[in-house]
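Protein chains in written order, with the numbering used here: chain A, 1 to 147; chain B, 1 to 277.
These are calculated hints, taken from the structure and not from any lab test. Heads up, a few of these hints could be off.
[Said to hold, decoys possible] Partial pick of chain A residues on the chain B-facing surface, computed with a CB cut under 7 Å: (1) 9; (2) 11; (3) 30.
[Unchecked claim] Straight-line Cα separation of at most 16 Å, EDC-like style, residue types lysine to aspartate or glutamate; simulated pairs: (4) A/22 - B/60; (5) A/22 - B/239; (6) A/22 - B/171; (7) A/22 - A/12; (8) A/22 - B/15.
Yeah, the Cβ is synthetic: ideal placement off N, Cα and C, and Gly gets one too.
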Amino acid sequence: VTGAGVAEVLLDREFTLADVPKLRLVIAGCAAMAGLPADRGGEFVLVAHELIANAIEHGGGTGRVQVLRADGALLCRVCDRGPGFSPDVVPASPPGLAGPDGDEAGCGLVIVGELADRLDIRVNGAGAVVTAALAIAAGAQRHPARR
Amino acid sequence: MQLGDHAFAHHADDDTRWELPTVFAGHGLALGHKVVILPDPAVEHDDACQRVAGYGGAAEQALVTGQLSFTSMRELIHPDRRFSTARQLDRLREEIERARRQGYGGLRVFVDMAWVQDLDADVEGVMRRETGAGALFARRDYAEVCSYDTRLFTPEVIAAMRAGHPVVLLERPGDLQAYGSAKGWHLIGDADVATRRAFRAMLRSALDAAPGGRALVDLSRLCFLSAGCASDLLRLAGESDCERVVVRCATVQARTLRRLGADRIPGLVLDETAGAR
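In isolation and in its complexed conformation, chain B is listed as follows (with noise of 0.2 Å):
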């Protein structure tokens, strides 16, 4: 997730509920990103803290300095009390503003939408402000997670509410997904030690299923390449009966490719147009 998107999650227990801010927020520390949580105003702000910022890390750290913090709805739009779409993106731009007026590189927000509820809320309002809030996106200084909680909200807000936002994430950090299209197989997640099983079965899918001999696999939404699954692909694309397999990735994904020989591979072609991310 880059600075300019705005994405949709969701989840439907309390485990999952905090999984995703605690990746979030590492993920943007670790980018010299400023980092704003507003967790479900339901839960203690010191329960809040502990369950994204106690795993250790930079950010305990962060939460001294102030690139991580802290707040809610409530206190984002203070001193209104009713929340509407024009206060609130004000408030998001002098937010944006300050981070970059403190020297960091831009600024992310996780939002659990129960602040809906708790401020008792117009969804419809809501909902338009989710589908027209791009211009807060434009300049690409900030990124902004809406996390929805299936239990608080009808199926019908909720697939409104994911067809609304231009990046939909997968629900659990961790989870690696595929898809096919016309082009090619399309890998989104994470190949690593805990989801290389799925990896190889979407590999040998990806390769049974290409016509006329000719296979892509994009791995360019991949968030992680592990050197397990660079080495599977790398096998798999040797064994198939592909004449020339095309393999659509970023750059440090190329590296470790090149690294496990991927050039001893015939028919193989990299691909890095998908660049450095």
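Same shape as in the complex, but just chain A (with noise of 0.2 Å):
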């Protein structure tokens, strides 16, 4: 989903469940620097939080997150250790609501499907990457864009 783009990394870091509040944090601050305006900013950490806690829940409990500039787009790819999915277990609506202990019903992956301008799954030797891409709007302002 880089195309054919050089990928400016602006956050590469592994995770537990300890690391996600501050994760959300700084992530938000990478969709900032990226000039997502507030809103979509807002959605980009959304994304982030399902797809790291899909590999937190279902992919081994720990992962690594990337957050990358790329092709006028903001990514957020996130790397498990679980057995991996297909495309095709993401609902195209809300598929129900969530059983009694769980997300069994995806209902995260719908919502990264709704604001994801692009999303790609893929399954390699070690488990599931998926990436989510978000537009970065033309002659978006960075910040900090002072001095």
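Combine the two chains into a complex, taking the hints into account.
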């Protein structure tokens, strides 16, 4: 999904459950730095959280998250160590509400599918690699644009 | 935490000590504000930078551009050597003006109150400053967190400082708490993958305790609502015996709830008066 352009790495970290609150804020900072407007930046953080949560709940409890800027888009890529899954499991619309103990209905991925401009799901030797991309509007101002 | 907020925070160990400034800096940078951290003066400058900015993301670049910086109370009030409220407030006003001139939307300052011992400042004077600094925040272009190490201050001072600040932060970023009032149940903090089980338990309590089958669940002070927690809320509201469940929430939370089917839950009302925060 990065196309032919060279990706600029804004964040590259391994994570566990304990990292989630801090990671969200750091990812929000990346979105602002990349020039996503506040609303879209909030949606990028939600997308990233759902991919991270998916890795924690279904992908072995840990993973690696990257935030990349490439081809006029901001990308969140999460790699986990789970069994992987097919794009077919992502429902096109809300599939009903989650069961009593978890996210069986895939509501997180529904949200990701709705908010992302592009979504790429692959399986490599180690686990799932999911990349969601949100377009950065042309001419977007980056923080910090000061001094 | 918004511009205009003057917040009390506390920590009791060295791990928690660094979590809040890290999150505080990340939040401020994301909003395009200037962020200044005044860490414990006993900590080496490089160590403090590494602890707060070493997590990656925008903070490393912000250190280079000056959007994020570290200083101390000693440096802030220089050339004065003794703390006085007047000198400190004057310097902070200057820093706010400088941040605005540089084009930032506001200034956010995190202060580890260990400086009080470092400057041998009068605790009573500091308490008066804390309770009398309201004018500094009135223009809503400045926010400040005062973080107290409970190992350095007496319980009486901690209690007074907590009461003297308009905003009190949860001890750890990422926590989730709930409290009941005559109006309903209010949730504060983060509803995410880490707190989801607690979120469900709090919601069950809120819905079970609803008087007359009418419940109010106030999400407006949540910093984050995940899709999983939103889905749990819809399911529990749909299963409850309440005839009417009002969810007070921010616009962004309402959007998530609607995407997951809130409009299909009978008796569920989204009250977006909490606005866009």
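Find the hints from earlier in the document that the structure breaks and name them by number, from lowest to highest. As far as the earlier hints go, 1, 5 are violated by this structure, in ascending order.
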